[in-house]
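Just need the whole structure built from these sequences, with the hints factored in.
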Amino acid sequence: MRNKRRTKDAIAVLEDLVARRERVDGAAAVETIRAKNNLAAALRDAGDLAHAEPLFQDVYSARAKSLGPNHEQSVFAWHNLMAVRWERYGSEAVLREVESALPAQQEALGRENSEIVRMKTLLASMLWAQGRLDETRELFAEVLPIRRRVMGVANRQTQEAARNLAFITLRLGDIEGALDIIETARRDAAGSGDASARELRQQLAYVRLLAGDAHRALELVTSEVPAADAHWNESSPFELAAAFIRAAALSALGRHDEAISLQGRVLEAVEGRLGRLHPNTLQSLRGLATFLIAGGKDAAARDVLETFLERSEARDGALAGGSDTHRRQLSQGIESLFQLAGYKTYVRLLAATDPTRALEVAELAKGRSLAEPGAVSGRGQVARSEAREAAWRLAKAEEALAANEPGSAPYLRAANERAEAEARLRTLRPAAGTTRRFRLADRIATLPKGAVFIDYVVDDDRVVALLAGKDLPVTGIDLGRVDRLADTVEALRRLTATTDPASERVWRTADGYRWSLSKPPGATERTKDATEIARFLSRNLLAPLAPHVGKSPRWIVSPDGALAFLPFELLEIGGKRVVENHEITIAPSLAVITAGKARAARVLAPGANREFLGIGVSRAGGDWPELPAAEREVTAVASLFPADRRVTLMGAQATEAAFAKLDASGDLERFRYIHIASHAFLSPRGSSLSGVVLAKDPTDESNDGIVTAAEWPVYRLRSDLVVLSACDTGRGTLLAGEGVMGLPYALLQAGARDVLLTLWPVSDAAAADFMPRFYGRLRKGMPPAKALRETKLELARARGPHAAPAHWAAFVLHGVP
Numbered sequence: 001m002r003n004k005r006r007t008k009d010a011i012a013v014l015e016d017l018v019a020r021r022e023r024v025d026g027a028a029a030v031e032t033i034r035a036k037n038n039l040a041a042a043l044r045d046a047g048d049l050a051h052a053e054p055l056f057q058d059v060y061s062a063r064a065k066s067l068g069p070n071h072e073q074s075v076f077a078w079h080n081l082m083a084v085r086w087e088r089y090g091s092e093a094v095l096r097e098v099e100s101a102l103p104a105q106q107e108a109l110g111r112e113n114s115e116i117v118r119m120k121t122l123l124a125s126m127l128w129a130q131g132r133l134d135e136t137r138e139l140f141a142e143v144l145p146i147r148r149r150v151m152g153v154a155n156r157q158t159q160e161a162a163r164n165l166a167f168i169t170l171r172l173g174d175i176e177g178a179l180d181i182i183e184t185a186r187r188d189a190a191g192s193g194d195a196s197a198r199e200l201r202q203q204l205a206y207v208r209l210l211a212g213d214a215h216r217a218l219e220l221v222t223s224e225v226p227a228a229d230a231h232w233n234e235s236s237p238f239e240l241a242a243a244f245i246r247a248a249a250l251s252a253l254g255r256h257d258e259a260i261s262l263q264g265r266v267l268e269a270v271e272g273r274l275g276r277l278h279p280n281t282l283q284s285l286r287g288l289a290t291f292l293i294a295g296g297k298d299a300a301a302r303d304v305l306e307t308f309l310e311r312s313e314a315r316d317g318a319l320a321g322g323s324d325t326h327r328r329q330l331s332q333g334i335e336s337l338f339q340l341a342g343y344k345t346y347v348r349l350l351a352a353t354d355p356t357r358a359l360e361v362a363e364l365a366k367g368r369s370l371a372e373p374g375a376v377s378g379r380g381q382v383a384r385s386e387a388r389e390a391a392w393r394l395a396k397a398e399e400a401l402a403a404n405e406p407g408s409a410p411y412l413r414a415a416n417e418r419a420e421a422e423a424r425l426r427t428l429r430p431a432a433g434t435t436r437r438f439r440l441a442d443r444i445a446t447l448p449k450g451a452v453f454i455d456y457v458v459d460d461d462r463v464v465a466l467l468a469g470k471d472l473p474v475t476g477i478d479l480g481r482v483d484r485l486a487d488t489v490e491a492l493r494r495l496t497a498t499t500d501p502a503s504e505r506v507w508r509t510a511d512g513y514r515w516s517l518s519k520p521p522g523a524t525e526r527t528k529d530a531t532e533i534a535r536f537l538s539r540n541l542l543a544p545l546a547p548h549v550g551k552s553p554r555w556i557v558s559p560d561g562a563l564a565f566l567p568f569e570l571l572e573i574g575g576k577r578v579v580e581n582h583e584i585t586i587a588p589s590l591a592v593i594t595a596g597k598a599r600a601a602r603v604l605a606p607g608a609n610r611e612f613l614g615i616g617v618s619r620a621g622g623d624w625p626e627l628p629a630a631e632r633e634v635t636a637v638a639s640l641f642p643a644d645r646r647v648t649l650m651g652a653q654a655t656e657a658a659f660a661k662l663d664a665s666g667d668l669e670r671f672r673y674i675h676i677a678s679h680a681f682l683s684p685r686g687s688s689l690s691g692v693v694l695a696k697d698p699t700d701e702s703n704d705g706i707v708t709a710a711e712w713p714v715y716r717l718r719s720d721l722v723v724l725s726a727c728d729t730g731r732g733t734l735l736a737g738e739g740v741m742g743l744p745y746a747l748l749q750a751g752a753r754d755v756l757l758t759l760w761p762v763s764d765a766a767a768a769d770f771m772p773r774f775y776g777r778l779r780k781g782m783p784p785a786k787a788l789r790e791t792k793l794e795l796a797r798a799r800g801p802h803a804a805p806a807h808w809a810a811f812v813l814h815g816v817p
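The sequence shown begins at 1 in my numbering and counts up by one.
Heads up, some of the hints might be wrong.
[What the hints assert, rightly or not] Below, a list of computed lysine-lysine pairs in the BS3-like style, where the Cα atoms sit at most 27 Å apart:
1. LYS780 - LYS551
2. LYS449 - LYS528
3. LYS597 - LYS449
4. LYS597 - LYS528
5. LYS696 - LYS661
6. LYS786 - LYS551
7. LYS597 - LYS551
8. LYS780 - LYS449
9. LYS576 - LYS551
10. LYS396 - LYS696
11. LYS576 - LYS449
12. LYS786 - LYS449
13. LYS696 - LYS470
14. LYS576 - LYS786
15. LYS470 - LYS661
16. LYS597 - LYS786
17. LYS786 - LYS396
18. LYS470 - LYS528
19. LYS470 - LYS449
20. LYS597 - LYS396
[What the hints assert, rightly or not] What follows is a set of in silico ranges between Cβ atoms, one per label pair, in the way DEER data are often shown:
21. LYS576 - THR184: 47 to 57 Å
22. GLU268 - GLU72: 33 to 43 Å
23. GLU626 - GLY110: 45 to 55 Å
24. VAL153 - PRO625: 24 to 34 Å
25. ARG156 - LEU440: 20 to 30 Å
26. ALA510 - GLY254: 18 to 28 Å
27. ASP663 - GLY110: 41 to 51 Å
28. MET151 - VAL13: 28 to 38 Å
29. GLY272 - ARG156: 35 to 45 Å
No lab work stands behind these hints, which were simulated from the structure alone. Cβ atoms here follow ideal geometry from the backbone N, Cα and C, with glycine treated the same way.
The structure is reproduced here in structure tokens:
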């Protein structure tokens with residue numbers, strides 16, 4: 001009956017069977033438990049999760065008691081219980097339960113056991129919902145070859161594994177890769193039956209829609225959802241997904257009323273099945289709003305997006321702050337590939353008509369986890385010490401997660417350790433979420449006089465700029481589409497950073513620029529002119545803002561998406577480079593600026609305590625190349641400070657243990673300036689592993705000589721400025737809603753007011769030339785942003801060996817103006 005979609009009939013029969021089994025065989029009998037499991041599955045099919053969950057709980061408890069928790073049948077029951085809980089609640093608590101139980105289950109059953117593979121598939125879907133996309137893809141990539149080996153290429157579960165991998169590949173932006181996976185799966189599934197063919201057809205429709213082929217997408221799903229008023233099974237997740245794809249295709253083809261009507265039915269069905277606050281319900285709201293906007297119904301879209309915002313805030317408010325896990329949760333609903341709308345769509349809708357509300361919404365999206373960097377509970381020294389210990393455990397767990405393969409035993413142990421550390425931190429630190437309610441005027445009032453705040457919001461290459469200042473009313477400017485924005489920013493970064501532009505393979509395309517080893521489709525010719533690209537970006541990103549910001553000497557820029565990697569000072573406004581007339585500070589949000597001002601009393605005043613801590617490592621050992629000028633750079637800068645107010649750690653003395661000792665003694669938070677000249681790196685395995693390389697002490701096995709982004713927030717900083725005179729220190733993992741995670745985020749979280757980093761590798765000779773000039777200005781009382789601008793101009797105008805932008809444009813200032 002279930003297979004023939006007679007779900008209600010099946011439930012009635014199974015309820016009667018369970019009652020009979022309990023009377024005849026007893027509640028704990030094997031046949032009773034089997035009947036309960038079948039009834040629970042039927043109830044889940046019908047969307048009755050509230051009644052399915054306790055039945056699945058009974059099944060698991062009985063099997064765990066009789067067979068042990070790690071028996072194959074117990075793990076099967078555990079999967080069903082966790083799956084229905086996840087579908088019902090979508091909470092991180094369920095994810096933690098799965099992560100915690102999986103190591104012992106895998107050890108008992110083996111990595112290729114079918115139930116372990118099912119558990120990993122479920123875990124991957126949870127990680128996806130939490131925004132941990134790279135981990136999701138690695139898990140799905142692990143599952144598919146196991147399914148192929150064990151089940152065969154045409155097996156339904158193998159096909160499901162292929163679909164999962166294709167979906168996450170698509171979500172990460174690789175449309176061609178997703179198509180390749182689907183086509184391979186379709187060949188493998190030839191002759192395997194209607195179910196696999198239907199599901200693969202639906203996924204192919206999804207990809208075709210993203211590739212811009214709405215006609216073909218509509219053809220592929222028409223057999224699943226014939227028309228807006230046709231009958232279809234609204235309790236079936238498969239058919240709901242097909243209806244959503246059909247609605248999106250209809251909207252793309254201009255059939256807006258049909259799309260809106262169909263998506264309204266999808267929303268009603270999803271909300272009835274899963275509840276008001278479930279992520280799928282929020283996604284359905286976003287979809288409806290997008291179709292309304294496309295159909296010219298802005299007023300109705302605004303109502304829908306206000307509902308979306310209210311529900312999203314209710315769901316996410318308790319998640320502000322915390323670890324990468326929490327911040328990725330907050331990214332859900334903000335970044336869009338096919339999630340269609342959300343906060344950013346609402347900002348675009350409001351920008352022209354209600355810019356104040358647009359900026360409020362942007363603040364909700366951006367101003368979350370950095371609201372109070374470095375906050376540790378003040379409930380006494382014991383609580384502070386315990387919080388630091390828990391934070392250190394969390395840092396090490398996040399390092400281990402980034403370093404190990406998802407699904408491996410070390411990875412799963414680290415996930416469990418992270419969950420325990422996070423839970424402990426929540427009991428020791430004050431409740432987060434203080435940014436949820438605020439007065440925008442209060443935040444704007446914290447801006448310096450004469451400064452303008454420029455908040456960019458990027459939604460799938462569509463850009464909005466929101467402007468504010470003490471003397472500037474909130475203004476919204478829709479900059480429209482800037483196609484290939486991320487590619488163009490990367491092309492500018494590469495051409496600027498290199499000393500041999502002709503060697504960089506940067507191509508002109510019809511809609512922008514792109515770096516590629518081979519000629520990309522639609523490319524015309526190669527270019528080696530960074531100025532050409534800077535002017536292209538200037539026309540799109542700055543020219544429309546010129547009447548409002550052109551005369552302001554101080555810009556506080558809140559970038560979004562790929563703009564976090566853009567050297568703004570190389571752009572042009574009024575016919576001149578930005579650096580000629582404007583100081584720039586990068587700030588994630590007004591919330592961060594407000595919090596930084598509130599912490600100002602805790603930051604050292606000029607002349608107080610110690611002035612300068614310099615760390616120079618010319619020879620880090622291992623595979624790290626030498627930096628001959630690094631220690632000379634630190635010595636030159638240190639000489640600008642009184643001998644009794646400076647401390648230097650050079651060469652072999654500059655170990656991680658020595659740095660940690662300064663922190664433990666309380667000395668670290670006494671330095672006004674901290675300057676580190678050494679190697680630094682951006683880890684491809686995750687922001688938590690990105691770090692600064694210190695000297696390795698061969699006798700100290702407890703320290704690896706690297707202070708990672710995960711570890712920095714554990715240290716106590718009260719510095720006016722931290723300088724990382726190293727490679728790629730200003731880059732990190734893009735996270736929707738709050739820019740770049742990595743070293744900039746970590747150092748602000750540790751308590752630094754400002755952080756100076758680089759967007760690309762800078763030679764140690766250029767840094768050694770730049771830094772004494774920069775600090776000389778700081779010593780004369782010049783603010784960091786002004787000192788940075790004047791030092792850049794000095795080098796650019798000197799026509800010396802470091803006059804090219806490659807040597808000075810990389811330095812960017814993050815923090816509080």
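Can you list which hints this structure breaks, lowest number first? 2, 4, 13, 15, 17, 18, 20, 24, 25 and 29
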